[in-house]
Structure formats: C-alpha cells, structure tokens
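Visitor: Given next are the chains, with one letter for each unit.
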Amino acid sequence: MGWITTGLIAWAVGWQTNVWLARRPKTRLTRLIIPIIFGLTLIALWECLVRGLEVKAVLLPPPSMIAVRFATSLNILWQDLVQTVVKGALTGYVMGCSAAFLTAIVVDRFPFLRRGLLPVGNFVAALPIIGMAPILVMWFGFDWQSKAAVVVIMVFFPMLVNTVQGLQATDSMQRDLMRTYAAGYWKSLLKLRLPAAMPFVFNGLKIATTLALIGAIVAEFFGSPIKGMGFRISTEVGRLALDMVWAEIVVAAIVGSAFYGGVALLEKAITFWHPSQRG
Amino acid sequence: MTQAEANETSCQPVISARNLSLTFQTNDGPVHALKDVDLEINKGDFVSFIGPSGCGKTTFLRCIADLENPTGGEITVNGMTAEQARKARAYGYVFQAAGLYPWRTIGGNIRLPLEIMGYSRADQDTRIERVLELVELAGFEKKFPWQLSGGMQQRASIARALAFDADILLMDEPFGALDEIVRDHLNEQLLKLWARTNKTIGFVTHSIPEAVYLSTKIVVMSPRPGRITDVIESTLPQERPLDIRDSPEFIEIAHRVRDGLRAGHGDNV
Chain A
0 MGWITTGLIA
10 WAVGWQTNVW
20 LARRPKTRLT
30 RLIIPIIFGL
40 TLIALWECLV
50 RGLEVKAVLL
60 PPPSMIAVRF
70 ATSLNILWQD
80 LVQTVVKGAL
90 TGYVMGCSAA
100 FLTAIVVDRF
110 PFLRRGLLPV
120 GNFVAALPII
130 GMAPILVMWF
140 GFDWQSKAAV
150 VVIMVFFPML
160 VNTVQGLQAT
170 DSMQRDLMRT
180 YAAGYWKSLL
190 KLRLPAAMPF
200 VFNGLKIATT
210 LALIGAIVAE
220 FFGSPIKGMG
230 FRISTEVGRL
240 ALDMVWAEIV
250 VAAIVGSAFY
260 GGVALLEKAI
270 TFWHPSQRG
Chain B
0 MTQAEANETS
10 CQPVISARNL
20 SLTFQTNDGP
30 VHALKDVDLE
40 INKGDFVSFI
50 GPSGCGKTTF
60 LRCIADLENP
70 TGGEITVNGM
80 TAEQARKARA
90 YGYVFQAAGL
100 YPWRTIGGNI
110 RLPLEIMGYS
120 RADQDTRIER
130 VLELVELAGF
140 EKKFPWQLSG
150 GMQQRASIAR
160 ALAFDADILL
170 MDEPFGALDE
180 IVRDHLNEQL
190 LKLWARTNKT
200 IGFVTHSIPE
210 AVYLSTKIVV
220 MSPRPGRITD
230 VIESTLPQER
240 PLDIRDSPEF
250 IEIAHRVRDG
260 LRAGHGDNV
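Top line first, the protein sequences correspond to chains A and B.
The opening position of the first sequence corresponds to residue 0 in numbering that gives the first Met the number 0, with each subsequent residue numbered one higher.
The opening position of the second sequence corresponds to residue 0 in numbering that gives the first Met the number 0, with each subsequent residue numbered one higher.
Hints are computed from structural coordinates only; laboratory data are not their basis.
Check before you lean on any hint, since a few could be wrong.
Stated by the list, open to error - Partner residues are not named here, just some residues of chain B that face chain A (Cβ under 7 Å, in silico):
hint, residue
1, A64
2, P101
3, W102
Claimed, not checked - 25 Å max Cα-Cα, derived PhoX-like pairs, lysine-lysine:
hint, chain 1, residue 1, chain 2, residue 2
4, A, K186, B, K42
5, B, K42, A, K190
6, A, K86, A, K190
7, A, K86, A, K226
8, A, K226, A, K186
9, B, K86, A, K190
10, B, K86, B, K141
11, A, K186, B, K142
12, A, K190, B, K191
13, A, K267, B, K141
14, B, K141, A, K186
15, B, K42, B, K142
16, A, K205, A, K86
17, B, K86, A, K267
18, A, K190, A, K205
19, A, K25, A, K226
Unchecked claim - One side of the interface only, derived from the structure: several residues of chain A facing chain B at Cβ under 8 Å:
hint, residue
20, M172
21, D175
22, L176
23, Y184
24, P194
25, A263
26, Q276
This one's a predicted model, so the numbers in the text were calculated from it and none came from an experiment.
Where a beta carbon is used, it is the ideal one built from N, C-alpha and C, also for glycine.
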C-alpha cells in the first residue's frame with residue numbers, strides 16, 4: 000500500500016507545483032520546467048504503481064529497472080544505434096530525400112511526368128512497408144543496406160509530393176515579374192521557385208525523419224546481423240527481457256526527437272522569412 | 000485625331016498600338032478585353048490609363064509588357080515587337096502589390112533583376128544605392144520587406160523597376176492599396192522621379208485626381224468591349240505642386256475625364 004500512496008502523493012505534489020508555476024509570470028525557465036516536472040511526475044507515478052500493484056516486469060518494468068539496464072548496456076545500445084540510426088536510417092534518409100528532391104525538379108519540368116508519375120507514386124506510397132521490407136532484405140542482404148533501401152522507399156514519396164507542391168507555390172505575379180526580366184527557366188528556378196518551395200521542402204524533410212526511424216527499425220525484424228535496434232527489440236522480447244526493449248525504445252525516442260529537432264532548427268534558419276517562422 | 004497632332008510635335012513613338020484586340024475565351028463565351036485600340040506614346044510621356052474595372056486598362060499595359068498575347072492588331076515597343084522588347088529588357092514593371100521576395104532584403108530584392116541581367120557586382124551596389132536614394136529609402140537596404148510599411152514596400156518595388164537601364168516604366172495601379180495621404184506623397188515623389196530620369200511612364204489607375212495630377216496624357220477607357228473613348232492632352236505645367244489640384248485648369252481636365260468615363264459607361268452612372 001505504501002508504494003501506491005507515495006505515487007499518489009508524488010502526483011499531487013507535481014500537479015500542485017505546476018499549477019503554482021503556471022500562475023506565475025511566464026519566463027523561459029517556467030516554459031522549460033513545467034513539462035519536465037510533468038514528465039518526472041509521470042515517471043514517479045509509473046514506478047510507484049508498478050511496484051505497489053506488483054505488475055510483472057514482463058508486462059511493464061519499473062523505470063528504475065529500465066534506467067539500470069540502460070546504464071549497464073551503453074555499449075550495446077551505442078552499437079545498435081550506429082547500426083540502425085546512422086547506417087540504416089540516416090543513409091536512407093539522405094539518399095531518399097535527395098533523390099526525391101531531384102526527381103521533383105524533373106517532374107515539375109515535364110507536365111507529362113507530373114500527370115504520370117505522381118499517381119503511380121501515390122500508389123507505391125500506399126504499399127504497406129511490412130510487405131516490402133522482406134523483399135528488400137532478400138534483394139540487398141541482411142546488413143544495413145537493405146534497411147537503407149526500406150527507408151529510401153518510405154521517405155521518397157512524401158518528400159517528392161511536398162517538393163512538387165512547393166515548386167508550384169509561387170503566385171502569378173511573382174512569375175510575371177521573372178518574365179518581365181526575361182529570366183530563363185534555370186534563373187527563375189534558382190532565384191524564385193526553389194526559395195519559395197523551401198517551407199514545403201522542410202515539411203517533407205520533417206515528416207521523413209519519423210518515417211526513416213520507423214522504417215529502419217521495422218526492417219530489422221525481417222532479418223539483420225546480430226546488432227541493430229530492431230534486431231535487439233525483437234530478440235529481447237523473445238527472451239522476455241523487457242527492460243532491454245524499453246531501453247531501446249528510450250534510445251529511439253531520444254534520437255527521433257533530436258533528429259526532428261535538428262531539421263526543425265535548420266528550417267528556422269532557412270525559412271526565417273516565412274510567416275509561420277516569423278512570429 | 001489628337002494623337003496625330005501630338006506626333007507632329009515630337010519624334011518617333013516609343014509605344015504604338017494599331018487595331019489592338021484581345022479576346023479571352025471563357026466558359027461563358029468570348030470576352031473582349033480589348034477591341035481595336037489605337038494609341039501612340041512618345042518618349043518622355045507620362046500616360047495614365049483610367050476607366051472602370053473591366054475596361055482593359057491593365058490588359059493593355061500587360062500587352063505592352065508581353066505578359067498577354069493580343070489576338071488581333073499589332074503593338075510595337077521601341078520599334079520592336081512586344082516580345083523582342085521584353086527580351087531586350089526595355090521596361091520596368093511595377094505591379095499592384097509590391098511583390099518583394101520575403102527571403103531577400105530590400106537591397107537583395109533590388110539586386111534581383113541586376114543579377115539576372117548580369118550586371119557586375121560593383122555596378123549592382125552603386126545602382127542599389129542610387130535607386131534607394133531616388134525613392135527615399137536610403138538606409139533600409141538591409142531590412143526585410145515584412146519589416147516595412149506597405150508604402151515603403153511599394154517604393155522599394157519601384158526602386159527595383161528603376162535599377163536597370165530600361166527607359167520605359169509600366170505601373171499597374173501601384174498605389175491602389177495605399178491610403179490617401181501616402182498616395183499623395185508617393186504621387187509627388189513619382190513626378191520628381193519622372194522629371195529626373197526622363198522615363199516614359201505608362202500608369203494604370205482608377206483615380207481621376209491621380210490621373211490628372213500625374214499625366215501629360217490621359218487615356219480614358221470603357222468596358223465591354225474594352226476600348227479607348229478619349230485621349231486628353233494635359234495642359235498643366237511640368238512643375239506641379241500638390242495644390243495644383245485646386246486650380247480651375249485641373250478641375251476642368253478632371254471634368255473632361257469624368258465626362259469621358261460617363262460617355263463610355265452609357266446610362267449606368
């Protein structure tokens with residue numbers, strides 16, 4: 000009973016602290032600290048409830064157990080991260096996004112492709128990744144190459160569609176202006192249409208960060224060398240070592256947020272002029 | 000014809016339209032935006048096009064700029080076809096909205112046509128400085144468009160059209176969205192600028208006082224089909240302080256413009 004009472008007290012204290020903080024004038028510090036207190040409260044409640052209600056570690060390990068496992072397995076976690084995130088996800092992300100970007104410019108240039116390729120693209124984008132991943136593992140082998148291929152397929156079309164849309168985002172007056180300067184295709188592309196497309200491009204890049212991570216992890220379920228986050232998750236579940244699975248999930252959450260945040264920062268630097276970034 | 004008389008007193012026309020027609024095909028049938036328009040504009044003229052919406056004044060300006068393709072008649076600019084003139088960068092065009100690129104500074108926006116046309120970097124810098132002074136925006140070079148008021152943005156867009164060597168300036172209701180006080184001020188500045196640069200200016204407006212105040216020649220147009228109903232040569236002196244608008248001469252010209260607009264509009268006004 001003691002654990003549950005402690006948990007409820009922790010919850011009440013965290014709640015009260017945040018209410019008190021929220022009533023005070025807003026500063027950068029309070030904006031930062033309120034979600035942190037909220038998160039810590041949740042973790043404390045989780046810990047106390049799991050221990051108090053004697054939930055089996057296989058169903059839900061307490062956060063302390065996950066933390067211990069995390070701290071003692073740094074080597075393995077790092078090795079998995081390099082394998083899955085750096086080799087699989089990042090490589091695929093860079094290849095897929097650049098390929099989609101270049102394809103978008105070609106598609107935009109030729110209306111025939113826009114009408115022909117985009118519907119086909121939507122069709123391919125609708126294919127379930129679960130179905131494609133085993134095939135790609137067969138094609139490209141067990142190592143990170145096949146994971147990168149899955150990521151390429153996953154990020155390609157969202158990126159393509161967004162960029163094509165962005166390239167059409169200029170209004171007729173801006174295009175007329177280029178015409179009065181007798182600017183050719185490439186000059187209008189470089190000086191008007193690409194800069195105007197940037198908010199859309201970054202939208203695609205941000206969506207693709209999440210997809211890349213999901214793709215790289217899930218693809219490892221279908222065969223991989225004996226390292227990688229997806230491999231670890233699937234094998235440790237088999238061994239009922241749920242604390243390790245959760246440790247990998249923590250890594251994935253941190254990496255995913257950092258990845259997304261990095262792209263968002265870059266977006267802020269490049270599309271500083273856009274009304275959504277100016278505020 | 001008044002144009003013919005005007006021609007005798009000056010040299011070769013800069014812009015000349017003969018029987019110019021433009022018909023848009025729409026779902027509701029053809030729309031005659033312009034029908035048999037004849038007009039000659041001489042070097043150094045300040046020509047205003049005035050008329051109700053749908054009279055083809057903007058369309059005519061866009062035909063000069065080769066932004067529209069006439070379906071009949073012919074138009075020459077500097078003795079060339081409109082397309083050749085556009086490719087020779089014969090004119091600067093000021094749109095209804097400033098249309099500055101938000102990712103470029105004011106200086107960067109003025110640099111845009113200079114970059115495209117291949118001016119040297121040093122030349123770009125001196126030109127930007129000069130035109131910013133001309134529109135009284137010196138010191139705002141490093142600001143972004145969205146940090147400036149609407150009037151300042153429009154002045155920057157005029158500077159952008161003046162930065163390269165085109166001796167024709169086409170302006171499509173450039174001050175239409177601005178308030179009266181700002182507009183008066185910009186009108187005054189525009190006249191000074193015109194006197195200093197000796198450009199030929201085509202200016203679309205729907206304000207009678209603006210047209211009379213600015214122009215050496217006022218072209219009154221009427222809709223359905225878009226055509227010219229009157230061409231008025233202004234008798235106002237070159238030097239025009241703002242209070243010239245209270246002079247009997249000014250009011251008389253304004254009357255004639257209003258009569259022209261009414262005649263073109265049938266019984267509707």
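Visitor: All the hints need checking, so say for each whether the structure fits it.
Guide: Verification of the supplied hints:
1. A64: At about 6 Å, which falls below the 7 Å cut-off, the nearest Cβ of chain A leaves the hint on A64 (chain B) intact, so it holds.
2. P101: holds (4 Å)
3. W102: holds (4 Å)
4. A:K186 - B:K42: violated (31 Å)
5. B:K42 - A:K190: violated (33 Å)
6. A:K86 - A:K190: Violated: K86 (chain A) and K190 (chain A) sit about 35 Å apart, past 25 Å.
7. A:K86 - A:K226: Answer holds: K86 (chain A) to K226 (chain A) is near 12 Å, not above 25 Å.
8. A:K226 - A:K186: violated (48 Å)
9. B:K86 - A:K190: With a Cα-Cα distance of about 18 Å, the restraint between K86 (chain B) and K190 (chain A) holds, given a limit of 25 Å.
10. B:K86 - B:K141: Distance ~30 Å between K86 (chain B) and K141 (chain B) Cα, so the pair is violated.
11. A:K186 - B:K142: Roughly 24 Å between the alpha carbons, so the hint for K186 (chain A) and K142 (chain B) holds.
12. A:K190 - B:K191: It is violated: about 32 Å lies between the C-alpha atoms, which goes past 25 Å.
13. A:K267 - B:K141: holds (19 Å)
14. B:K141 - A:K186: It holds: about 23 Å lies between the C-alpha atoms, which stays within 25 Å.
15. B:K42 - B:K142: At roughly 35 Å apart (the allowed maximum being 25 Å), K142 (chain B) and K42 (chain B) break the hint.
16. A:K205 - A:K86: Between K205 (chain A) and K86 (chain A) the Cα gap is close to 19 Å, so the pair holds against 25 Å.
17. B:K86 - A:K267: violated (37 Å)
18. A:K190 - A:K205: holds (24 Å)
19. A:K25 - A:K226: violated (46 Å)
20. M172: holds (5 Å)
21. D175: holds (5 Å)
22. L176: holds (6 Å)
23. Y184: Violated, because the Cβ-Cβ distance from Y184 (chain A) to chain B comes to roughly 12 Å (cut-off 8 Å).
24. P194: With a minimum Cβ separation of about 5 Å from chain B (threshold 8 Å), the hint on P194 (chain A) holds.
25. A263: violated (18 Å)
26. Q276: Not OK, violated: Q276 (chain A) not within 8 Å of chain B, min 10 Å.
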